[in-house]
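Visitor: Listed below are the residues making up each chain.
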Amino acid sequence: MRPQLIRELEALLGPKAVLSAPEDLMLYEYDGSVELGAPRCIVFPTSAQDVAGIVRLANRYETPIVGRGAGTGLSGGAIARNGGIVVTFSRMNCILEIDEVNLRAVVQPGVVNLDLSRAVEHLGLFFAPDPSSQKSCTIGGNVSENSGGPHTLAYGVTTNHVTGIELVLTDGEIVRIGGRSIESSGYDLAGLLVGSEGTLALVTEITVRLMRKPEAVKTLLAVYDTLDDTTESVVDITVRAITPAACEMLDGFTLRAVEDYVHAGFPKDCAAVLLIEVEGLKEAVEAQAAEITEVCKKHRAREVRAAQNDQERALLWRGRKEAFGAMGRISPMYYVQDGVIPRTRLPETLRRIDEISRKYDLQIGNIFHAGDGNLHPLILFDERDRAQFARVVAAGGEIMRHCVEVGGALTGEHGIGMEKNELMPLIFTPEDLALMERVRAAFNPAGRLNPGKVLPMGKACGEIRVPPVPAAAATPS
Amino acid sequence: MSRSAQASLTRLEEIAGGEHVSMNDAELRAREVCGVVPSVVVRPADADQIAEIVRFAIAEKLAVIPMGGGTKLGIGSAPSRYDIALDLSRMNQVLAYDPHDLTLGVEPGARIADLLQTLAAQKQFLPLAVPFLDRATIGGIVATNSSSPLRHAYGSVRDFCLGMEFVPGDGTRAKSGGRVVKNVTGYDLHKLLIGSLGTLGVITRVNFRTFPLLPAQGTFVATFQTAEEASEFCVTIAHSFLTPQIAEIADSGAARLLYPQVETNSATPQSWSVILSVVGHSAVVDRHGHELDRLADEANAQEFSALGESESVSLLTRVREFPRLVLESAPSAMVFRVNLIPSAIPPMLTEFRELANRAGFDLITLTRASGILYAAFSPAAGSEIAPGACAQLAKDVLQFNAKPEAHAQSMLEWCPAEVKRLAGDVWGPPRADLPLMQKLKNAFDPQHVLSPGRFAGGI
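For the protein sequence lines, the chains are A and B, in the order given.
Residue 257 is where the first sequence starts when you use my numbering, and the numbers rise one by one after that.
Residue 7 is where the second sequence starts when you use my numbering, and the numbers rise one by one after that.
Since the hints were made in silico from the structure, they are not lab data.
Heads up, the beta-carbon is just placed ideally off N, CA and C, and yes, glycines get one too.
Treat the hints with caution; some may be incorrect.
Where chain B lies over chain A, by a calculated footprint (3+ residues, C-beta under 8 Å) [to be verified]:
1. 430-436
2. 441-455
3. 617-629
4. 658-665
FRET-style restraints, in silico, Cβ to Cβ [unchecked claim]:
5. A423/B <-> G339/A: 53 to 63 Å
6. S246/B <-> T482/A: 53 to 63 Å
7. A36/B <-> P603/A: 21 to 31 Å
8. N315/A <-> S389/B: 30 to 40 Å
9. E661/A <-> S320/B: 42 to 52 Å
10. P681/A <-> K445/B: 19 to 29 Å
11. R640/A <-> D52/B: 46 to 56 Å
To give an idea of the chain A side of the interface with chain B (calculated C-beta under 7 Å), a few residues [unchecked claim]:
12. V495
13. E539
14. A543
15. P598
16. T600
17. D688
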């Protein structure tokens, strides 16, 4: 006989909105990270009232509760670490309102990121955060993780684009914070909630800003024979205060994998390329593109070419956005890092990653948001080789420590989740963490909402935990 | 002086040094908040001293209000208790400025005017064109979320603040965020401190991203017969490819404050001006000039003009200093800051106008087109209105907060202390998210030693 909790959930939501068979649960054990966790059941609410009912039941049964969008997260945010109920928002996927005059959209959390941009494309508008998983990731997930993407260099991350949120609190109450206006008085609750990784409340409706598409876009590809020249170019672009809309770097190793897969026309014999995009009024775009070309040439770029049309541009971006997928063709698994460094420290940091790669005898691909110093080293491995995996974890830890040492941060856009929560003491003191604990307790007093995420669980050890069995990787950012 | 007061003084002197603690009457009075005068002023040298002072306040059940230049202490409700004025003026150093990374870390007592000079030497700036620019400090600007016309293009403090260090109300030291431009490591606690009026923590360091100064600038003014036309013009610009960094709608009263040198101007009593500033390469500025002229024409503008450099500097300075100009010209004015969506601007202006006319007030408004409206009500020239009637008007304005369909949220930022006492909560009627704010207050400041009573709902 099915347990009482499952029956009560079915009574609340209908039998088709609850999954509890082992073969169904397996599909929800993982996300885009290398983490795993088995839930007790999966539920599919269709309204904030449903979510409130689920939360009240979870309280009665003292069961953990974890929100989930598309499961593309890269730090285990949507994994039921301590079991319990996974609340999947895939049936709350309506765009509720497009307020064209005020440049806002009101959406349910399960709306897919790219679907919103597509829905407003005919108005010349778009939703700015553009993680690489934007074809599948949801806006609810973007809010939880404060997602970024290549174009956040110019537009900012999710938090800069959310003005209001409807929440279900851990006592089942439904509350609205913020609003539709650009600012709200009172404490900036939306600022706290965005990026809280589902540990403070469940999000059931989001009001976001829509941006006007620029008049002109120019995408440049700069090709280099050395990594140092590439990174020095990025530093110089930053130093000269040129602000491209995106500035992405792919190293030669990654590039060859990408080119074999996507056929975007990337040169296969170079050390690295920069993919740089400038946008705005056509006068501004021309001026910026000329300045960037000059900087790249000064740093010995072998070639700087501009995409000649939208097709070429799309192909270059496809190469960037599907690079992680391309890695899957040459390695059974990879472990993606998300460290951030001050942008001027890029050259020494890439040299350090190279040293670490050799020290641990691991292949590391580099593909990242160079313009804002957000690194994504991809450490390739085979999960059947446990000894190798231990080296992967150690190498990841060394890269992370380097980022912290040069004044950076543990994660730029993928979140802390259950991947890096034990590393938080590298950045934060016990007092910092105690305050964060108190803030979490103010919203989530019983710790039942997404337990084991963001904050360290036990004694601060500062060591990377070795996950039990790495799972397959999804499309990361 | 009582023995306990003497003991307190001694302890504070031990912490901060005798010359940085004062009970001088003039010094105390200079730091009054809404008519409440502190018992002692302390000027700490660093975050450790602040933490010690806060722990001392907890032990002695004293209330602390942090302050910088003291230019915006009137904002918020009157404090329920106020013993120690924590003057942060000694903590005015730039702790880290890396122009190549476009990042900056500063102490709270640093004056924005000085910082802008430091940044300008590297051809950079912070988009904080805030009122009281000559005296305002970073801590005060952040703690009041002081509004800048540049928010149109650059957002507000929350959009370019990378992290903070602070002393929460338990007397520990804490931080969140960091020094890099992209970061999701841990909760963004520093966002809560922005606009918190010192009720959650004493800010001891703020990290910002800085921005490049651009080579050319242009200022344009278009005038319209109605608020609807002016507002429609701004909506059209927002939907165009154009990217002005400032877009403000001034009514005729505001225009008189903003263009003092032009007696008549085209700002006739019925006229509304839209003030636009553009920066970029000169080709970009020129293009804006042409296109804005054309759009203004299509929007039925009475006049469109490009300003010369000195006119432009004078106008933009006055736009920046608008709240201060209002208070200087009408010290008893009630100045509301209203957050609203662009489409709500014309109807809200009409509602305010009707309220003003009915109660015998003059109304002056300046509206950021992105949705921040400053409305100043003052007794009509030559008349006097009893504080009770002023308070009633305040309540009527704040009542719109309770109407979700208005998409407008007002706060009474400036008014005489007497009016504030009678008007009730200057933040408006209680709201659904207040219990969450109270829980956060308790998490940061369990003993309520920091600026008690100054925030919404008596927080």
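Visitor: Grab the minimum C-beta distance from V495/A to chain B and call the hint holds if it beats 7 Å, violated otherwise.
Guide: holds (5 Å)
Visitor: Within the assertion that chain B covers the region 617-629 of chain A, do at least three residues meet a Cβ-to-Cβ distance smaller than 8 Å?
Guide: Result for this restraint: holds, n = 3.
Visitor: For the pair E661/A and S320/B, does the Cβ-Cβ distance stay inside 42 to 52 Å?
Guide: holds (49 Å)
Visitor: Does the hinted range 21 to 31 Å hold for A36/B and P603/A at CB?
Guide: Violated, at about 51 Å.
Visitor: Starting from the hint 30 to 40 Å, judge whether the C-beta atoms of N315/A and S389/B obey it.
Guide: violated (59 Å)
Visitor: Quick check on A543/A please, does its C-beta sit within 7 Å of some C-beta on chain B?
Guide: Cβ of A543/A sits 5 Å from chain B, so the hint holds.
Visitor: Take the region 430-436 of chain A, compare each residue's beta carbon with every beta carbon of chain B, and decide whether three or more fall closer than 8 Å.
Guide: Answer holds; 5 residues pass the 8 Å Cβ test.
Visitor: Could you check if T600/A really has its C-beta closer than 7 Å to a C-beta on chain B?
Guide: At about 5 Å, which falls below the 7 Å cut-off, the nearest Cβ of chain B leaves the hint on T600/A intact, so it holds.
Visitor: Should the hint that S246/B and T482/A are 53 to 63 Å apart at their CB atoms be regarded as holding?
Guide: violated (43 Å)
Visitor: Note whether the CB distance of A423/B and G339/A lies within 53 to 63 Å or breaks it.
Guide: With Cβ atoms ~57 Å apart, the hint holds.
Visitor: E539/A was flagged as interface toward chain B. Is the shortest Cβ-Cβ separation under 7 Å?
Guide: E539/A check passes; min Cβ-Cβ to chain B is 4 Å, inside 7 Å.
Visitor: Looking only at beta-carbon atoms, does the pair P681/A, K445/B fall within the given range of 19 to 29 Å?
Guide: holds (26 Å)
When held up to the earlier numbered hints, the structure conflicts with 6, 7 and 8 and fits the remainder.
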